[in-house]
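Asker: Protein sequence lines, in the order shown, are assigned to chains A and B.
Residue numbering for the first sequence follows our numbering, beginning at 1 and increasing consecutively.
Residue numbering for the second sequence follows our numbering, beginning at 1 and increasing consecutively.
Derived by calculation from the structure, the hints in this document are not laboratory data.
Every value quoted in this text rests on a predicted model; they were computed, and no experiment measured them.
Hints are supplied without guarantee of correctness; some may be wrong.
Here are the simulated lysine-lysine pairs, DSS-like style, with alpha carbons at most 27 Å apart [unchecked claim]: (1) LYS111(A) x LYS190(B); (2) LYS281(A) x LYS265(A); (3) LYS190(B) x LYS153(A).
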Amino acid sequence: MLELVDFGKSYDGVNAIQNVSFNVNEDEYLTLLGPSGSGKTVLLRLIAGLDRPDTGRIILNGQDITTMPTHLRGIGFVQQKYALFPHMSVRQNISFGLINHHSSPIRDEKKVNYLCDEMLDIVGLSGLADRGVGQISGGQKQRVSLARTLVTKPKLCLLDEPLGALDANLRERMTVELRDIRTTLGVSFIHVTGNEDEALGMGDRMIVLDKGCVIQIEEPNKLFAMPASVKVARHVNSYNILSGSTENNSFVFADYKLPMAAYAKSAAFYVVGIDKVTIEKVGSVKRKAKDITSFEAKFVDAEFMGSRVVYQFELADGQIFEVERHLSRETPVDYKAGEVRCLSWKAADVLAFASDGGLINENAKIRGTV
Amino acid sequence: MHHLVKARWALAAFTALFLIFLYGPFVVMGILSFQQGPEGGPQFPIIEWSTYWYEHVVGIAPASRIAPLPVGEALIRSLTLAFATMIVSTILGTMTAQAFRTKFKGSGFVFYLVVLGMMVPGVLLGLGMSLVAHQFGIDRNWWSTAFVLHVVYTFPFAFLVMLAIFNRFDSSVEEASLALGVSPRRTFQKVTFPIIFPGILSAMLFAFTLSYDEFPRTLFTGGSEVTMPLAIYGTFSVEIHPNLFAFGVLTTLFSFALLSVYAILMGLSARRLSVRSTGIQEDAA
Chain A
1 MLELVDFGKS YDGVNAIQNV SFNVNEDEYL TLLGPSGSGK TVLLRLIAGL DRPDTGRIIL
61 NGQDITTMPT HLRGIGFVQQ KYALFPHMSV RQNISFGLIN HHSSPIRDEK KVNYLCDEML
121 DIVGLSGLAD RGVGQISGGQ KQRVSLARTL VTKPKLCLLD EPLGALDANL RERMTVELRD
181 IRTTLGVSFI HVTGNEDEAL GMGDRMIVLD KGCVIQIEEP NKLFAMPASV KVARHVNSYN
241 ILSGSTENNS FVFADYKLPM AAYAKSAAFY VVGIDKVTIE KVGSVKRKAK DITSFEAKFV
301 DAEFMGSRVV YQFELADGQI FEVERHLSRE TPVDYKAGEV RCLSWKAADV LAFASDGGLI
361 NENAKIRGTV
Chain B
1 MHHLVKARWA LAAFTALFLI FLYGPFVVMG ILSFQQGPEG GPQFPIIEWS TYWYEHVVGI
61 APASRIAPLP VGEALIRSLT LAFATMIVST ILGTMTAQAF RTKFKGSGFV FYLVVLGMMV
121 PGVLLGLGMS LVAHQFGIDR NWWSTAFVLH VVYTFPFAFL VMLAIFNRFD SSVEEASLAL
181 GVSPRRTFQK VTFPIIFPGI LSAMLFAFTL SYDEFPRTLF TGGSEVTMPL AIYGTFSVEI
241 HPNLFAFGVL TTLFSFALLS VYAILMGLSA RRLSVRSTGI QEDAA
C-alpha cells in the first residue's frame, strides 16, 4: 500500500535518515522502534509530506507522491504533542478536517455531527464534545488528536510516540484501545516509539531504526526471539550482551570461558535473554551438564517491577548482567548486596553474533559475512 | 531589611515623579481647556470655569473674533490616512513575518533592510521623498507620497510585532491541519489567523497611532492639504487660544476610546483562547 524506496534526508550535512526502504501493507499495525535521535520523527514527517526527502521515492497505492503536498496525500498524522487547535472545542477539533477538506468538504451539519459523535464513541470521549481542549486531560487530548485524524478516514495513519506523554496507567489502556480502534476502522498504522515493549506488543510487524537506518523489519515475536544483529538485540533491551572472542568452541571474555556451539566459530558477541537465566546457589549447578552454561556473579541490586523483578549482577570486569524473573512463577528472593550467586542458562538459548554484528545462524549461514 | 524598605520608598517616589512628568502636560492642558472664553488666554490663572472652548471647537459657540480651528478636514484626512496605513502595513508586516518563519538565503540582510525604514530619520526620508517626487514630476499629496512614506515608516513596527508573535507560535497546529487534508490557504484562515489575531491587533494599533501623529515625513511629502498634526502646528504660528487645548483633550479621549476597543478585543480573544486551552503551546500533560 505504502512503499518507501531508498529514502534519505540530511540536515546541515548530517544524515538524519539514509537508505530507508520498507512497505506498509493494507490493514497493518506497523511499529517503528528507535531511540531518540534515530530519525523516527523525521521519517514520519517525510511520509506525511511536511518535509521533502533528499533522495528516494514514496509510493502510495501505486502513485508516486514524493513531491505531493501534505494536504493532498490523505495520510493522517497524529503528532507527539497532540497539536490540538487551541481556539476550538473538542467537537470543533474533530469536525475540522471534515468541514474544511480541500476537495470533499462535508457541508451537511447533521452528517458532520453524526460522524463526530461516532468517532467520539469509538475513542471513548462521548459527553466531552463541548469541552474546550484546555479542560481535558492529557490522555483525552491524545484521543481527540487521534479522533480528529481518524474521522477523515485517512488511507494511512502516522502516530508519533502517541503514548509517550501518558502516565503508565493510561498508557496501558491506550495500548489496547489503539489496537481495537485500528481493527475497527481497518486503517494502517505506523506507530513510532522509543519504548521496546510498545513496539513489540502492539505491532503486527516492527521496524528497528538505528542512526537513520532500518536494521530489521520482522514480526515482533520473531524479532524478539532472533534479532538480526547485536544492535537490534540492544534496542530490544532484553538481552545480556557479552563481547569477546571465540577460541576452540569456547567464548572468552574477561575472566570467563563459556562453551560455544560448534557452528559459531567466529562469534564476537555472546547474547542471552535476561528472562532465560536462573539464579541458584553457588555449587548447586552441575557444571558438567552438557546443555547448561553457568558462571558466578556478584549481586548488586534488584528492581521490583510489579509482576517481575530484574536482578542486576556484576561480572568480573564490572559489566552488569541482568536477570528477569516473573513473579507468577516464583516468589521474589532477597539477595544481599555483594552476595555471589551462580547464574545458569540453557546453551540452546544463546545467540551468537559475528564481529560485524550479524547473527550467526545455527544452519551455518553466517549473516553479513557471506 | 531596613534599607530594603528605604529603597522601596525611593523607587515609589521615583515612579510617582515619572508619572507626574508623563501626565503633567496633559493635566495642565485639560485644566486650561476649561478657561473662560473668548477673552481667556492659554495661561493660568483660570478666570472662570467654562466649556466655551469645547463649544468653539465643535462650532456651536457664538461668533467671535477668534477663527475656528482649521482642523476639521485635517482630522478626517489624518484618520483616513492612519486607517489606510494601518491596513496596508499590517498586511505587509504579517506577510513579511510569515516569510521569515522559514530560513532563507540572505534573510539577515533582508531583515535589516526592512527595519531600516524605522531607523532612518524622518526628516531626511521626507526630504528625500519630496526630491524624488519632484524629479519625477509627481504631485505631493497626503494620499499618495505621504501615504507611501507612512507605510514605509510603520511597516517595520508591524513586522516586528508579528515576528515576535510568530516566534511564539507553534507551527505543529498548522501541520496538523494540513495533514487533515485542509489546504494551506484555508489552514491560514481557520487555524493560523485566529491564533495570531491578538498580535495582528497590536500591529494594527502600532501602525495606526504612529501614522496618526506622524509629523516630519508628512511635512515634506503631504502637499498643500495638511494632516492634523500639521494643521495644529500651523495654528501655533498665529496665536494660541485654549480651543487648541480643548481639541487636544478631545483627540486624546478619542485615542483612549481606540485603546479601549483594542483592550476589549484583546480580552475577548484571550479569553476565548484560555477557555479552550491553557495556552498557545500545549505542554505535554
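Asker: State for each hint whether it applies.
Answerer: How the hints compare with the structure:
1. Distance check on the hinted pair: LYS111(A) and LYS190(B) sit about 21 Å apart at the alpha-carbon level, within 27 Å; holds.
2. Straight-line distance between C-alpha atoms of LYS281(A) and LYS265(A) comes to about 31 Å, which puts the hinted pair past the 27 Å bound.
3. As the CA atoms of LYS190(B) and LYS153(A) are separated by approximately 21 Å, the hinted pair is consistent with the 27 Å bound.
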